Amino acid sequence: MVAFGGWEMPVEYSGLIAEHMAVRRGAGLFDVSHMGEIEVEGDAAQTFLQRVTSNDVARLTDGQAQYSALPLPTGAPADDVIVYRKAAGRFLLVVNAGNLDKDWQWLQSQSPQGCALRDASEETALLALQGPRAQEIVQPLTSLPLAGIGYYHFAQGELDGHSVTLSRTGYTGEDGFEIFVAAASAEPLWMRLLEAGRDKGLLPCGLGARDTLRLEARMCLYGNDMDETTTLVEAGLGWIVSTDPAKGDFPGRAILEQQKKNGAPRKLVGFEVTGRGIARHGYPVYVGGQAVGTVTSGTFAPFLQKSIGLCYLPATGAATRTEFQVDIRGRRVEARVVPTPFYRRTR
Amino acid sequence: MYPAELRYSKDHEWIKVEGDRGTIGITDYAQKQLGDVVFLELPEVGTKLTAGDSFGTVESVKAVSELFAPVTGDVLEVNSPLVAKPETINTDPHGAAWMIKVLITDPPSVQSLLDAKAYEALIASEAK
Chain A
1 MVAFGGWEMP
11 VEYSGLIAEH
21 MAVRRGAGLF
31 DVSHMGEIEV
41 EGDAAQTFLQ
51 RVTSNDVARL
61 TDGQAQYSAL
71 PLPTGAPADD
81 VIVYRKAAGR
91 FLLVVNAGNL
101 DKDWQWLQSQ
111 SPQGCALRDA
121 SEETALLALQ
131 GPRAQEIVQP
141 LTSLPLAGIG
151 YYHFAQGELD
161 GHSVTLSRTG
171 YTGEDGFEIF
181 VAAASAEPLW
191 MRLLEAGRDK
201 GLLPCGLGAR
211 DTLRLEARMC
221 LYGNDMDETT
231 TLVEAGLGWI
241 VSTDPAKGDF
251 PGRAILEQQK
261 KNGAPRKLVG
271 FEVTGRGIAR
281 HGYPVYVGGQ
291 AVGTVTSGTF
301 APFLQKSIGL
311 CYLPATGAAT
321 RTEFQVDIRG
331 RRVEARVVPT
341 PFYRRTR
Chain B
348 MYPAELRYSK
358 DHEWIKVEGD
368 RGTIGITDYA
378 QKQLGDVVFL
388 ELPEVGTKLT
398 AGDSFGTVES
408 VKAVSELFAP
418 VTGDVLEVNS
428 PLVAKPETIN
438 TDPHGAAWMI
448 KVLITDPPSV
458 QSLLDAKAYE
468 ALIASEAK
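Chains A and B, in that order, give the protein sequences. So for the first sequence, this note's numbering puts the first residue at 1; every next one is plus one. So for the second sequence, this note's numbering puts the first residue at 348; every next one is plus one.
What the hints contain is simulated information worked out from the structure, not anything from laboratory work. None of the values given here were measured: they were computed from a predicted structure. Be a bit skeptical, because a hint or two may be false.
Here are some chain B residues pointing at chain A (derived, C-beta under 10 Å) [unchecked claim]:
| no. | residue |
| --- | --- |
| 1 | G382 |
| 2 | D383 |
| 3 | V392 |
| 4 | D400 |
| 5 | T404 |
| 6 | E406 |
| 7 | S407 |
| 8 | V408 |
| 9 | K409 |
| 10 | V411 |
| 11 | F415 |
| 12 | E434 |
| 13 | N437 |
A few chain B residues that don't get close to chain A, going by computed Cβ distances all over 10 Å [as the list claims (entries may be wrong)]:
| no. | residue |
| --- | --- |
| 14 | K363 |
| 15 | K395 |
| 16 | A443 |
A virtual CB, placed ideally from N, CA and C, is assigned to each residue, including glycine.
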């Protein structure tokens, strides 16, 4: 167990590689109840969210979610989030555990009007069941027709008698569900899901596999791959920045619009280590002998069986196949920019 | 539980002493702490080590750990197949996952090592 964002969480249950491969081949169950949930409700809820998030909230229909960010005036994010539209005037923001207080303060500072914010984190648990066999495992426990819930869509219903919201979202690059449930139901539901998935290879998975899975799928980790010093465009998230005229103004809009059009000075790229070694967070990165930054995320990818990572390179020298070096504990090791995601599931 | 014929260091290496030869690896406790091993770096034959020197690194997905020489000696042999298949460290840490063989050049450096019982006591206290 380790301290993570103010919570005590397991790094692994039975072994990181076994858990990672279970998610890629069968299914894995994660307790991600540490995430924060902020309800935004009222007639002007959508207007407020349009003003404080980067993506276009108006595109959402009832039961649909979108990946987004809370941009600051610099164009850098205070956090990356998922916005859920339950119904007109009823939204949910899911935020990173370590940023809950910061996000709450920031949202309050943006003067919400015609809507109320409520921190529902304490009473809400979140379990993520991820992998190609996820639907097969969950379906017998609910009358909700899961095949009818599309990617980044969600529905409310009952799961083994517990009232839940089932969302087809995740942080692994596989199909799967994130299950919102009352905190008091978390433990019985966890046990029931493990039981239901036992003969289908379901394994409980910890933080270790969560990190290797999301990195293979090139999903950013706030705090590592982006923070308040990196703009959303630099982080490769221009696609969640809407510059549609109808979207309206939001912090950092002008900078982000300019960067989307003309490019940003640096770029978060994916790389493979071509020499011997594993590149890890914080290791210095060199281009032509010049220090240009550090590895933001790096690991040995269990499914791909190679050392992969993300780092910021100057935009002028960040093309695929660019060769550079990572300093691995005093040794300069060759690496190469590769396209991302490193792993993509076959539908 | 820990083989009685081996000696152990506080850094969780084991050594099998046979005359002036020693075979060295890391213990079952060490491999459990590491998790799935994916990378191993060992020294070259001929390297001269002093007890306490780092002689390589072992990496799991989540962590990097240095290897420390339990005795003073010269590296005679390196387990190259292990470098190619480092996951053996998780499955057979006291046997097939031996790492280096050394010529012990300072026999007294063996005396300060722990026997199996003392090592078991050490890891029991570390678990608290």
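request  = Hint by hint, work out which the structure violates, then give me just those numbers in ascending order.
outcome  = Hints 3, 4 and 11 are the ones this structure does not satisfy, whereas the remaining hints hold.
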